[in-house]
Amino acid sequence: MLKINNLNATIDNKSILNGLSLDINPGQVHAIMGPNGSGKSTLSNILSGKKGYEVSGEVLFEEKDLLELETEERAHKGIFLAFQYPLEIPGVNTNIFLKTSLNAVRKARGEKELDAIEFLKLVKEKSKKLKFDEEKLNRQLNVGFSGGEKKKNEILQMSLLDPKLSILDETDSGLDIDALKVVADGVNTLRDKNNAFLIITHYQRLLDYIKPDFVHVLMNGKIVKSGGPDLALELEKKGYENFN
Amino acid sequence: MKEQLKKDFDNNIKNLNLSQKDIEIKKFCLDNFIEKGFPNRKEEDWKFSDLNQLIKNNIGELSFYNDHTSTNKVDTSVFVDGLEHNKIVFINGRIEKIDFEYEKKDQIEIIDQSETINEFKNSNSLSDLNNAFTNKCFKILVKKGYQLIKPLIIYHSINSKIWSKNINLRLNFELDKDSSLRLIDLFSDTSEKNFLNIFYNFELKENAVLKNYKVDKFENKNIKYSFNNIDQDKNSVSETFILSSGSKFFKNEINCNLNGEYSSAFVNGIFSLNNDKHHEIRTIINHLTKNTKSYQLIKSVLEESSKAVYQGKIFVNSDAQKTDGYQLSKAILLNKESEFNAKPELEIYADDVKCSHGSASGSLNEDSIFYLMSRGLNYQQSRELLINGFLLDVVEKITDSQIKNLIKNMIGIKE
Amino acid sequence: MNNRQKEIDNLKDYKYGFSTDIENIQAPKGLNEDVIKFISNIKNEPAWMLEFRLKAFDRFKVLKEPDWQKPKFPKIDYQDLYYYSAPKSMKDKPKSLDELDPKLLETYKKLGIPLQEQARLNGIAVDAVFDSVSVATTFKDELTKQGIIFCPISEAIQNHPQLVKKYLGSVIPTSDHFFATLNSAVFTDGSFVYIPEGIRCPMELSTYFRINASNTGQFERTLIIADKGSYVSYLEGCTAPMRDENQLHAANVELVALDDAEIKYSTVQNWYPGDKDGKGGIYNFVTKRGLCKGKNSKISWTQVETGSAITWKYPSCILKGDNSVGEFYSIAITNNHQKADTGTKMIHLGKNTKSKIISKGISAGSSDMTYRGLVDISSKAKNSNNYTQCDSLLMGNKCGAHTVPYIKNKNSESNIAHEATTSKISEEQLHYCQQRGLNPEEAVGLIVNGFCKEVLQQLPMEFAVEAQKLVGISLEGSVG
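In order, the protein sequences belong to chains A, B and C. If you number the first sequence the way the working numbering does, the last residue is 244 and the count never jumps. If you number the second sequence the way the working numbering does, the last residue is 659 and the count never jumps. If you number the third sequence the way the working numbering does, the last residue is 1139 and the count never jumps.
Read the hints as simulated data drawn from the structure, not as lab findings. Please note: incorrect hints may appear among the correct ones.
Unchecked claim - Residues of chain B clear of chain A, computed beta-carbon distances all greater than 12 Å:
hint: 1; residue: ILE299
hint: 2; residue: PHE364
hint: 3; residue: GLU418
Unchecked claim - Each pair of labels, with its calculated beta carbon distance range:
hint: 4; chain 1: B; residue 1: ASN561; chain 2: C; residue 2: TYR737; range: 30 to 38 Å
hint: 5; chain 1: B; residue 1: LEU327; chain 2: C; residue 2: GLU1087; range: 47 to 55 Å
hint: 6; chain 1: A; residue 1: GLU234; chain 2: C; residue 2: GLU1101; range: 55 to 63 Å
hint: 7; chain 1: B; residue 1: PHE323; chain 2: C; residue 2: PRO725; range: 52 to 60 Å
For clarity, every value in this text was computed on a predicted model and none was experimentally measured. The beta-carbon is built from N, C-alpha and C at its ideal position, and this holds for glycine as well.
Using the sequences and the hints given, assemble the complete structure.
Structure, rendered in structure tokens:
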């Protein structure tokens, strides 16, 4: 599904990714772990199309060149990024935003756009599943939301848009154990043989709740070791220093 | 210009039935104006908007005489649909219609005040020009305890009969104790290169409520100036909203005197400008006694080479303890040619006050656009959604829900 | 209260208020070409310098005294001032500190700036300007080793004419505003600093200004040049004796930072503010301007303004070089009848330029304080930003606090943010401190120092302590 080949990235002449390669197939959950500054967030930014990086190398998504696509085109194709710091957008009502977003994606997929009633029904059902406070949907997007609420809102968006590849960028940071469970449950219910997840995290904690198929260690902009779920535990015990 | 002014003044006087004394007063105002001329950038209040230059560059030679002997046909197509309202219709500065069809006739009095001269604190040579040339001036008195059932819309139309003219008009309002008025100034122009000069005076008695909305939405090439003086007694509330968008140049001045305890003033505004439009809002809120409150929120969205200016002053005198004054202006510049200037000013002589102001200007937040695009919206949609959201909270400040919806529809703001 | 007691009380209020008995050489009173020639002559100046002065004077003659600023002052009779006053003993300049008039040294001791010992202990190089003449510069040898020039500007005109000629008037031209032009015509002395390429000045450089003679206008000129990749931190302190009449102080300070250079300029201004009834005091009309000429350069102004009857100054930054940075940190305190109209100008011309303004104003008594500032981002200054925060604190309801920012944004890729608040010290805060055993004045001092903290932190250590004390002293008698 996703094929990353020798990906290099620099920003302001500072090199951040140095020849990163990674293959993700449908039905898989990959976890990327790494210390601060190892390039984790850069990877998610580049996959979702954030501007400002100089990129070389190859990224194929379903055999097509991903790097050529605009941010929204990637979203239409089924790439979803759960942001580490979801933005607060004052004045923009959450429901309106969700509806505009969902219909843009549906339209691109050739599906029928939902009218207000159909949309509300759907969002209600999804919110309930994720224990997301419906009242928040009438508020401004992420404004005044707690850290946990913002992250849950990201997962709600993920479940609405039904992406093929979901990238979770440090979704566990700043979450208490209950919120963490809700997020993990959300991911686990969405998980099936047709979609894939890339979980970017600093700690092993989230992986107790979302069992990855593969764990990769990212250091200095490239993957230095890959393995099964046990690798995460090993990392937790030994620390990152031993992988350098 | 001096000769033109004198000639037009004499022509104007001929048609009016004025006493010798009134003529002298008008003459005095004319001489004042001739001496000072149109305000220019050397005056602190006109630093950002040189009216003298604007008139020179956009109109050229102005003439000041308007033949008001014959009536103009009222074009009913400009009337607002779907909102029952009272009407005052000005065409080319002439009052064609005053119609309070929805109200109790004995509760509103219309008084001819053409011979009185208005003097305002903080005003300028344009007030002299206005006094010298205004033909008719009425005072609308809302009597004690009466709250108008329907809003009043004042239509300001300039039609193709006139060109390169200066139009002056004046209205006075008195809201007696416990009364209330909702007012919309609505501008529509089919001719260009004119200079409209408006002075309103509002007197709000105890507990009176004024909702004062100004809507300059329709594209036109006229130059406009509006000065509103609002005097407020105890417990009175004034709420002003300005949509500044359609004209080539528009400067709105709001001068608010909070004379009575617990009186409050709200001024909110939107600049939505394109092309080479240049608009300004200037406010002076004078907190003159204790426990008064003011709140101002101005937002700008500027495209192409447009320019918006916000000068807002909060003045607190030494008796005005427990004043609460707040002022915020935010601007989004969408083009490298657009420009936003602000002078948010505090002048404070009392210590137990809470006053603050803030101003921010810059581009659309690229991170927000990225976030929206990563959810599948295209650039245009993201931009519209953000601008929509940016402006929404100012419109939400309009407390009258009918008028709020009317204005939302006009700007195309979605909820 | 008898006279003597009064005198003592006065002294307590302004601890720097004494004058020293030193014989002065003065130029004849008044302002004309002859006086300018007299000054130039007595200082043995080259012809180009006299030309510079006369050009400025020509311009001055057509300018009018400005009146747009908030504090109004009675018209100054520019013909009734002495434009040059120098201690007589300075005529034959001492070769070293040991040769200085002992009375002068004592004066500086009283001011708390013993030139030799204390300066050495603190590791600060001091240039002392007494009335209009720079009297002593310390640490010269150590600085010379690194190629740093730190000397009176009159000396620099003699010894480093190339540098002075190139940069003097390059930031504040002879055609500038009224007071700046006056300074260009009649300035007598001041400090000159040049930091060579790549040198980080190893110590703080400092100048103490003092007005002593009566009826004298003080017009110093300071010029600081930081060459490529250099750094300097410069301190300026000012005091003046108590006199009944108002004295004029119209200094010019020019800073030039070339590529990658940084200049940090700190001022603690404590000129005589006049007595409790507003009699006497210094008119402090100073022009300070810095030019970030090179890319990545930085100029930072920090000021603590507690003195003067009227203060009227706007230390400014012209951000010409790409990526250059301008900063302005200010505490201004007015008490009794003092008036201050102060702030800054940040002119963004280069790309990626950044500026930051933090201003704290405190007014007490019957004083009046205005923050006036300009942030101007030109259409070429892509991706620039400014952040401004102005907070005012009022004590009592006879004083005024005003904020007059001018904000001009002509670039859509640049951001300007401005915040301002006005408040008072809350009863609860005072009560809390008093309950913990502080007297009201200590409590106010503590709270005000907290209010000013962001700015005080910018000062070099030696200055910060003095400034903190000054903040407390300036507000004495304003509570209760």
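Task: Minimum Cβ distance from ILE299 of chain B to chain A greater than 12 Å, as the annotation requires - done: ILE299 of chain B is indeed farther than 12 Å from all Cβ atoms of chain A, at 37 Å.
- [ ] Evaluate the given range 47 to 55 Å for the C-beta pair formed by LEU327 of chain B and GLU1087 of chain C.
- [x] Cβ of LEU327 of chain B to Cβ of GLU1087 of chain C: about 49 Å, so the range 47 to 55 Å holds.
TODO: Using the beta carbons of ASN561 of chain B and TYR737 of chain C, state whether their distance is inside 30 to 38 Å or not.
DONE: Holds, at about 36 Å.
TODO: Please confirm whether PHE364 of chain B is truly not at the interface, meaning its C-beta sits more than 12 Å away from all C-beta atoms of chain A.
DONE: Given a closest Cβ separation of 36 Å, the condition holds.
Task: Satisfaction of the hinted span 55 to 63 Å by the C-beta atoms belonging to GLU234 of chain A and GLU1101 of chain C - done: holds, 59 Å
- [ ] Taking the shortest Cβ-to-Cβ distance between GLU418 of chain B and chain A, state whether it exceeds 12 Å.
- [x] holds, 38 Å
Open item on the list: Just to be sure I understand the hint, the distance between the Cβ atoms of PHE323 of chain B and PRO725 of chain C should be within 52 to 60 Å; is that true here?
Closed with: Between PHE323 of chain B and PRO725 of chain C, where Cβ atoms are some 53 Å apart, the hint holds.
The structure shown violates none of the earlier numbered hints.
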